[in-house]
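J.: Chains A and B, in that order, give the protein sequences.
Residue 87 in our numbering sits at position 87 of the first sequence; the count goes up by one each step and never skips.
Residue 55 in our numbering sits at position 55 of the second sequence; the count goes up by one each step and never skips.
It is possible that some hints are incorrect.
Covered stretches of chain B, going by a simulated chain A footprint (3 or more residues, C-beta under 8 angstroms) [said to hold, decoys possible]: (1) 13-21; (2) 30-36.
DEER-style ranges, computed between Cβ atoms [unchecked claim]: (3) B:Asp94 with A:Val7: 41 to 49 angstroms; (4) B:Ala43 with A:Met77: 26 to 34 angstroms; (5) A:Arg26 with B:Val69: 22 to 30 angstroms; (6) B:Val66 with A:Arg168: 23 to 31 angstroms; (7) B:Ser87 with A:Val106: 40 to 48 angstroms.
In silico contact screen, one side only, chain A against chain B (beta carbon under 10 angstroms); selected entries [claimed, not checked]: (8) Ile68; (9) Gly113; (10) Gly144; (11) Phe166.
Since the hints were derived computationally from the structure, they do not count as laboratory data.
For each residue, glycine too, the CB sits at the ideal point set by N, CA and C.
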Amino acid sequence: MGSGSVVIVFILMALVSITSAVMMLRSHNAVHSALWLVLNFTAIAVLYVVLNAPFIAMVQITVYAGAIMVLFLFVIMLLGAEQLQGITGGHGTERYHQAVAIVLVVLLIAGFGFLVFQGGMGSGGETAVIDTSPTALGLRLFEGYVLPFEVTGILLLAAIIGVAVFTRRKKKEA
Amino acid sequence: MELTINWYIALSAILFSLGALGVLTRRNAIILFMSIEMMLNAANLAFVAFARHLGDLDGQVLVFFVITVAAAEVAVGLALIVTIFRSKKSINIDEINLMKG
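Working from the sequences, and respecting the hints, build out all of it.
T.: Okay, structure coming up:
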């Protein structure tokens, strides 16, 4: 696959990610903002595939676009906070948001399909391709970064305990 | 046309700026958090682009750590927002100006 077609994929993904970022900032409904952000993360994940980082792309989809955004949506709906801010758009704005969303998703899928069928994964740079399989990444992680890895584990544990303490209702209130 | 690292850095800078714009202009604490996530994501894109450019795997390992820490940060941040919402009945950050509960 020539470098020209990778450029097309890059431009498509840049378009999708920037537009969805702008729409996220402009949206008055927090649920819509969260969904725009999911689109943004997905477009970036496709760029990771272009950049020869398939494992990071999958982590981006599952952890960022999956777990973190579900947490966001859960909290938004738990608080009923989706329309606390400013005016909610009229029906006209909704329609135009829908149209933009459909166009962007089509562009995203088209770009990714183009990438897959042209076999251009990992060809979006000017230097030689290195081994970036999950195996290679795991070896590098456990050979050079064992201490940071352990510290991350402690950090996650601390976060879990912190969250549990924060959101626990006091006995008197309940 | 050759796809060089400059393109990725430019995209990363644009996304980071949009995130910063969101932090500065929006007053809804949840949207604020989403903007911060977008900035982290822009930084990750730059990391992966440089890892590719330099032919070094360390950039991708670092992105792995950034994503982990971001997940922990979001959990704690959203727990804070829930707690604040319970006591103040609002998540507008202009109304959250006291450390006192």
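J.: Each of the hints needs a verdict: does it hold here or not?
T.: Now for the hints, and whether the structure bears them out:
Counting residues of the region 13-21 of chain B whose C-beta lies closer than 8 angstroms to any C-beta of chain A gives 5; at least three are required, and the coverage claim holds. For a cut-off of 8 angstroms, the count of residues in the region 30-36 of chain B with a CB near a CB of chain A stands at 5, and the three-residue condition holds. Taken as a hint, the range 41 to 49 angstroms holds for the pair Asp94 (chain B) and Val7 (chain A), whose Cβ atoms sit roughly 44 angstroms apart. About 29 angstroms separates the C-beta atoms of Ala43 (chain B) and Met77 (chain A), a value consistent with the hinted range of 26 to 34 angstroms.
Checked against the hint of 22 to 30 angstroms, the C-beta distance between Arg26 (chain A) and Val69 (chain B) comes to roughly 29 angstroms, which is consistent with it. Look at Val66 (chain B) against Arg168 (chain A): about 29 angstroms separates their beta carbons, and that is inside 23 to 31 angstroms. For the hinted restraint 40 to 48 angstroms between Ser87 (chain B) and Val106 (chain A), the CB-CB distance of approximately 44 angstroms keeps it satisfied. Interface restraint check for Ile68 (chain A): the shortest CB-CB distance to chain B comes to about 5 angstroms, inside 10 angstroms, so the restraint holds.
With a cut of 10 angstroms, the hint placing Gly113 (chain A) at the interface with chain B is violated, because the nearest CB-to-CB distance is about 19 angstroms. For Gly144 (chain A), the shortest C-beta to C-beta distance to chain B is roughly 8 angstroms, which falls under 10 angstroms, so the interface hint holds. The criterion of a C-beta within 10 angstroms of any C-beta in chain B is met by Phe166 (chain A), whose closest approach is roughly 4 angstroms, and the hint holds.
Against the hints set out earlier in the document, a violation occurs for number 9 only.
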